[in-house]
Amino acid sequence: MWRADKLANGIGIKEIEKVQLEVETQTEASTKTQRVEQLAFTIWCRKWSTAYKSTLKLMNKVNTDPDFLKNLPPAIDEETGIYYEKIPPHLYFTKLQLAVWRNFASWNFEDGQVSLPGPADWYPDGYDTTQHGFQLDEDAT
Numbered sequence: 001m002w003r004a005d006k007l008a009n010g011i012g013i014k015e016i017e018k019v020q021l022e023v024e025t026q027t028e029a030s031t032k033t034q035r036v037e038q039l040a041f042t043i044w045c046r047k048w049s050t051a052y053k054s055t056l057k058l059m060n061k062v063n064t065d066p067d068f069l070k071n072l073p074p075a076i077d078e079e080t081g082i083y084y085e086k087i088p089p090h091l092y093f094t095k096l097q098l099a100v101w102r103n104f105a106s107w108n109f110e111d112g113q114v115s116l117p118g119p120a121d122w123y124p125d126g127y128d129t130t131q132h133g134f135q136l137d138e139d140a141t
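Mind the numbering: the sequence shown is residues 1 to 141 in the UniProt record's numbering, read in order.
Errors might be hidden in some of the hints.
Straight-line C-alpha distance at most 30 angstroms; calculated DSS-like pairs for lysine-lysine [claimed, not checked]:
1) LYS32 - LYS14
2) LYS86 - LYS53
3) LYS47 - LYS32
4) LYS61 - LYS95
5) LYS32 - LYS18
6) LYS57 - LYS47
7) LYS95 - LYS70
8) LYS57 - LYS70
9) LYS61 - LYS86
10) LYS70 - LYS86
11) LYS57 - LYS95
12) LYS61 - LYS47
13) LYS95 - LYS47
14) LYS53 - LYS70
15) LYS86 - LYS57
16) LYS53 - LYS14
To be clear, the hints were calculated from the coordinates, so they are not data collected in a lab.
Could you build all of it, start to finish, from the sequences and the hints given here?
Here it is as structure tokens:
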């Protein structure tokens, strides 16, 4: 019926087939895009879940182990060359773990204050938490 109407309006079969092919191609591309996006989201969920669980386990250790500070090894910051008697928080945690911590902290961000991971003695006077990856984005809270 559609073809007959279009033919009556002066549109030839070749033009109709071309339009149908374009519609089918767009639909196929859209379906492939949706599948790729769904796969990417599934991969992201799995990676985030793994990172979440491992960071949660590490944070639990850091916050509850009474010998945590005693067992920390010395470290040298490769970027600055600074030597530390005990590895500082910004060298102890990976960027991924800090990202997960920031996510955790943003859920409980009240009055502009959050609890840093680990014992307070781990953070020396003047320790710049924003410089070392512990800052929270105001708009993420």
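(request) Mind checking the alpha carbons of LYS53 and LYS70 for me, to see if they're no more than 30 angstroms apart? (result) holds (25 angstroms)
(message) Run the distance test for LYS95 versus LYS70: straight-line Cα separation, threshold 30 angstroms.
(response) The given pair, whose Cα atoms are some 24 angstroms apart, holds under the 30 angstroms limit.
(message) Run the distance test for LYS57 versus LYS95: straight-line Cα separation, threshold 30 angstroms.
(response) holds (16 angstroms)
(message) Please verify whether LYS70 and LYS86 have alpha carbons no more than 30 angstroms apart.
(response) Given pair LYS70, LYS86 holds - Cα atoms ~9 angstroms apart, limit 30 angstroms.
(request) For the pair supplied as a hint, LYS86 and LYS57, confirm whether the alpha-carbon distance does not exceed 30 angstroms. (result) Measuring from Cα to Cα gives roughly 21 angstroms; hence the hint holds.
(request) Below or equal to 30 angstroms on CA atoms is what counts here, so check LYS57 against LYS47. (result) The hint holds at about 16 angstroms.
(message) Hint check: LYS57 vs LYS70, CA-CA at most 30 angstroms. Holds or violated?
(response) holds (19 angstroms)
(request) Sort out whether LYS47 lies within 30 angstroms of LYS61, counting only the CA atoms. (result) holds (21 angstroms)
(request) Would you mind confirming whether the straight-line C-alpha gap from LYS61 to LYS95 stays at or under 30 angstroms? (result) Distance ~18 angstroms between LYS61 and LYS95 Cα, so the pair holds.
(message) Between the alpha carbons of LYS32 and LYS14, is the straight-line distance 30 angstroms or under?
(response) Given pair LYS32, LYS14 holds - Cα atoms ~27 angstroms apart, limit 30 angstroms.
(request) Compare the distance between the alpha carbons of LYS53 and LYS14 with 30 angstroms, and conclude whether the hinted pair is satisfied. (result) Violated, at roughly 58 angstroms.
(request) Mind checking the alpha carbons of LYS32 and LYS18 for me, to see if they're no more than 30 angstroms apart? (result) Holds, at roughly 21 angstroms.
In this structure, only the earlier hint numbered 16 is contradicted, and the remaining ones agree with it.
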